[in-house]
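Take each chain as given, in its own frame, and dock them per the hints.
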Amino acid sequence: DAGITQSPRHKVTETGTPVTLRCHQTENHRYMYWYRQDPGHGLRLIHYSYGVKDTDKGEVSDGYSVSRSKTEDFLLTLESATSSQTSVYFCAIRPGQGAVDGYTFGSGTRLTVV
Amino acid sequence: AQSVTQLDSHVSVSEGTPVLLRCNYSSSYSPSLFWYVQHPNKGLQLLLKYTSAATLVKGINGFEAEFKKSETSFHLTKPSAHMSDAAEYFCAGSNDYKLSFGAGTTVTVRA
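Protein chains in written order, with my numbering: chain A, 67 to 180; chain B, -14 to 96.
Just chain B, same shape as in the assembly (with noise of 0.2 Å):
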């Protein structure tokens, strides 16, 4: 089964400043992984999609994400922080008919 591990429970950086979240996953074979963003109160939006058409992923918001096998890493970034961007963001992988979330990662933006 496919499980992801995020690195850091809790980011916080200055509006306007690069934004990076961690991610790594295990898997036996190739993966499939998603980036999803939860404002407060709110439900999960998908950011962007790993299905190994490019290692670049682009999604929306300005994010993007890169798949590097050999780190066994997903990372998600942004180049400039906005205050919107404060959320709770989660790593899945799938590689069968389940979706498995890494434990989120709390994003605070400082003004």
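If we strip away everything but chain A, and leave its shape as in the complex, we get (with noise of 0.2 Å):
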């Protein structure tokens, strides 16, 4: 989508080998997510971030890290990859101060781990 891209768009790695997945925006929007989606779940929170160097987990946060040391990137690690952890992963951004903004996401990262 425009203003925000996801790197790799896909990736095979083996278990036990570190994963970053990267978000970037042009933006300069104050909040970003991470977000995997999986069937029959939809898609679930993983992290988030609400400023450089300020962020927070979500619900399914166990076996990722996140780091954002500029406005515009915003970076998901696998520190450790599982095959629990195959999905497909979607940064969102969100203009705005109140919860009424809508969210726009990326095109996405199919990680499979094997």
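Worth flagging that the hints you see were computed from the coordinates, not collected in a lab. Even glycine gets a Cβ: it sits at the ideal position worked out from N, Cα and C. Treat the hints loosely; a few may be bogus.
[As the list claims (entries may be wrong)] Pulled from the structure, derived: some chain B residues nowhere near chain A, Cβ distances all over 12 Å:
| no. | residue |
| --- | --- |
| 1 | E0 |
| 2 | T2 |
| 3 | K27 |
| 4 | G28 |
| 5 | L41 |
| 6 | K43 |
| 7 | E49 |
| 8 | K53 |
| 9 | A71 |
| 10 | A77 |
| 11 | V94 |
| 12 | R95 |
[Claimed, not checked] Derived DEER-like restraints, expressed as beta-carbon distance ranges:
| no. | chain 1 | residue 1 | chain 2 | residue 2 | range |
| --- | --- | --- | --- | --- | --- |
| 13 | B | S(-3) | A | T81 | 18 to 28 Å |
| 14 | B | S(-3) | A | D104 | 33 to 43 Å |
| 15 | A | S149 | B | T57 | 32 to 42 Å |
| 16 | A | D104 | B | K54 | 26 to 36 Å |
Have a look at this one:
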């Protein structure tokens, strides 16, 4: 989507290896989010950020860490990938302060852990 | 925290007939509610959002949703389905700085 890009788009990795996914925005928005999408579960929040170096956990944060050293970049790291982390990962950004604003999603990263 | 429940995992309709996708929410106070659509191997696109300005919300591609506080529902409708409406639809809600999703409804459109 315009203003938000994810990389890589696809990745296959081995169990036990570290993996980092990148989300980059050009909108200068304060809030950024990482979700994972799995069949039957919709999208579930992993971590989110409300500013540079300000992050918090979502509902499925175990096994994941994040970092945000610049406004435009939000990184998601799987310290030691497991097969249960095979999923499609979406980054989202949200303009404004209030909950009423819509969220814009990236195109997703399909991660396969073998 | 806001939570939403989509009542149907799969809906099948004939082209030209109405579509109804059901979503209930639970919240201790007035939420913001959204419907997103995801076509195969694509990202999520916002269809419409409710932000308390009006209970009937019109979105893109002929979709609309009605917020009913008494029923804690936010159902999505379209009068006449098109083949291009075949996709997965997600209801989502937010009353803090996080967006929570339902499990999704897959829509199949029969010719």
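Tested hints:
no., hint, in the structure
1, E0, "26 Å, holds"
2, T2, "26 Å, holds"
3, K27, "7 Å, violated"
4, G28, "5 Å, violated"
5, L41, "17 Å, holds"
6, K43, "15 Å, holds"
7, E49, "16 Å, holds"
8, K53, "19 Å, holds"
9, A71, "17 Å, holds"
10, A77, "8 Å, violated"
11, V94, "20 Å, holds"
12, R95, "22 Å, holds"
13, S(-3)/B / T81/A: 18 to 28 Å, "38 Å, violated"
14, S(-3)/B / D104/A: 33 to 43 Å, "23 Å, violated"
15, S149/A / T57/B: 32 to 42 Å, "37 Å, holds"
16, D104/A / K54/B: 26 to 36 Å, "31 Å, holds"
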